[in-house]
Amino acid sequence: MIDIDYLKQLLDIFDHSSVNDMKIEKEGTAIRLTKNLKRENAEPTTLHYAPPAISSHVATPLPTSPTTTATPEENLTPSSPEPSGEQRDDADTSYHEICSPIVGTFYRAPSPEADSFVEVGTEVSAGDVLCIVEAMKLMNEIESDVSGRIAKILIENAQPVEYNQVLFLIEQ
Amino acid sequence: MPDLLNQIGSDTTVRDVLADSWGVADLRFYNRTESTQAIARSFADAGASGWTMIVADHQTAGKGRDGNTWISQPGSSVMFSLLLRPERPEALPLLPVRIGLILARTLDDLLISRGASPEDVPFVRLKWPNDLILDNGKIGGILVEGITRGDQQYVIVGIGLNVFRFTDVPPNATSLSLRFFDDYVPNKANRLRVLERLITALREQLRTVPEDLMPREIEEYACRDWLRGRRIVEPLPGRVAGINRKGYLLLENGSDEVETVMAGSIRLM
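Just so you know, the protein sequences line up as chains A and B, in that order. Residues in the first sequence are numbered from 1 upward in steps of one, following the working numbering. Residues in the second sequence are numbered from 173 upward in steps of one, following the working numbering.
Derived from the structure by calculation, the hints contain no laboratory data. Treat the numbers as computed from the prediction; the structure is a model and nothing was measured. It is possible that some hints are incorrect.
Unchecked claim - Across the chosen pairs, the derived CB separations fall in these ranges:
#1 B:S193 / A:E119: 46 to 52 angstroms
#2 B:K360 / A:E97: 38 to 44 angstroms
#3 B:D323 / A:Q159: 44 to 50 angstroms
#4 A:V146 / B:T432: 33 to 39 angstroms
To be verified - Some chain A residues judged to face chain B by a derived CB distance under 10 angstroms, without partners named:
#5 V103
#6 T105
#7 V120
#8 G121
#9 E123
#10 A135
#11 K137
#12 L138
#13 N140
#14 E141
#15 E143
#16 G148
#17 V166
Even for Gly, the Cβ is constructed at its ideal location relative to N, Cα and C.
Produce the entire structure from the sequences given, and follow the hints as far as they go.
Shown next as structure tokens:
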């Protein structure tokens, strides 16, 4: 197994080098390091409000914070450092994820006195409002894009949420 | 010049000419409606294009923030809702601040063109995150509502501006006194002209905007920041120090640290 301090040093060296892709094999563990050149060379993010013609509305994926990512390959032991992403115990491909489109505050009801839009177990249809994410008075209603049953609500009411954070799991 | 806003109604020829001149995809006028936000939303759900604009002479249930009602009387205000379909959602939270800057700038120009002294700018200030302030009173407001379904997203920007004085304001309707554009210009204001200036400014200046506020935007906001230096008790107690590049409110709380406020209603001390 690769020592975590060794891996950190390796990432540091790799980050400051001109090498873009590197594979290391040590003591039965293989690690591949790849620089995300697309992001480095990308133009500054801009928001386009396309004039009259209907635009496509593709949410961009959550950017990863470092420019270096460690991709575990074969032979990785379960306790390997630097997994490629956060693992949820209940991760299940049969669930449909509803994510936050913006950084903001998560509200389960339209006002403090009102009932929650949905509870665990609520059957929802595509278009039903699930919650509001608010940022600086921009009240963003999040609607379900599928029909199914609310399996999990992953955030407490009035808690901050990050861009692309999973809010609900829907069982289809 | 007569104020023509309440005469347009369903005149499709005038409507089409205006839509073309203002560069909006579609334009609908209502002499009286419950809420332009609600109409814009129904248009959006039916597949309307971005930059569809809904204008009303009078709203009977106009929406303000936190479920409040936007107060107006027939013939008194400029009120419209704009459907936008942003391609990328990252900068959405900044929309109220950014639109506030564009509107404040445009209203300043209008005031100058109507006789106000350019040396006295800025006239219009911003009360974070969505109020337009003139002479320490509220002259307008911005309400931005977003709807997200999967990877589809649209926003409805609601803008209300008090143009002609009205007196029948319910008690406690706003925490600030109301101000009216017409009181600050020597010649009688014309709502259609005001509307035209506001929408064309939005069309020109909202085309492409970066994800974060640019330094010049932060600088301009600082000049227009009505809350700056004031003490507030909600959502957190402290003295307002400005906003950061994300548009969040910065609060000094007496310690060395500056707190960042992302959401919540402001209550002054």
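**Asked** Per the hint of 44 to 50 angstroms, is the separation of the Cβ atoms of B:D323 and A:Q159 within bounds?
**Response** violated (24 angstroms)
**Item:** Interface restraint verdict for A:V120 against chain B (beta-carbon cut-off 10 angstroms)
**Value:** violated (21 angstroms)
**Message:** The hint names A:N140 as touching chain B; please verify it with the least Cβ-Cβ distance against 10 angstroms.
**Reply:** Holds. Min distance 4 angstroms.
**Asked** Quick one, is the A:G148 hint okay against chain B at 10 angstroms, beta carbons?
**Response** violated (13 angstroms)
**Prompt:** Holds or violated: is there a CB of chain B closer than 10 angstroms to the CB of A:K137?
**Reply:** holds (5 angstroms)
**Prompt:** Does the nearest C-beta of chain B fall within a distance shorter than 10 angstroms of the C-beta of A:T105?
**Reply:** Where the cut-off is 10 angstroms and the nearest Cβ of chain B is about 5 angstroms from A:T105, the hint holds.
**Asked** Does the hinted range 33 to 39 angstroms hold for A:V146 and B:T432 at CB?
**Response** holds (35 angstroms)
**Prompt:** Does the CB of A:L138 sit less than 10 angstroms away from some CB of chain B?
**Reply:** Since chain B brings a Cβ to about 5 angstroms from A:L138, closer than 10 angstroms, the hint holds.
**Request:** Please verify that hint: A:V166, Cβ, nearest Cβ of chain B, below 10 angstroms or not.
**Result:** violated (14 angstroms)
**Message:** Less than 10 angstroms between beta-carbons is the criterion; does A:V103 satisfy it with respect to chain B?
**Reply:** holds (7 angstroms)
**Whether the CB-CB distance between B:K360 and A:E97 falls inside 38 to 44 angstroms** = violated (56 angstroms)
**Message:** Checking hints one by one. Is A:E141 an interface residue toward chain B, by the C-beta closer than 10 angstroms rule?
**Reply:** holds (5 angstroms)
Going through the hint list in order, the structure does not satisfy hints 2, 3, 7, 8, 9, 16, 17.
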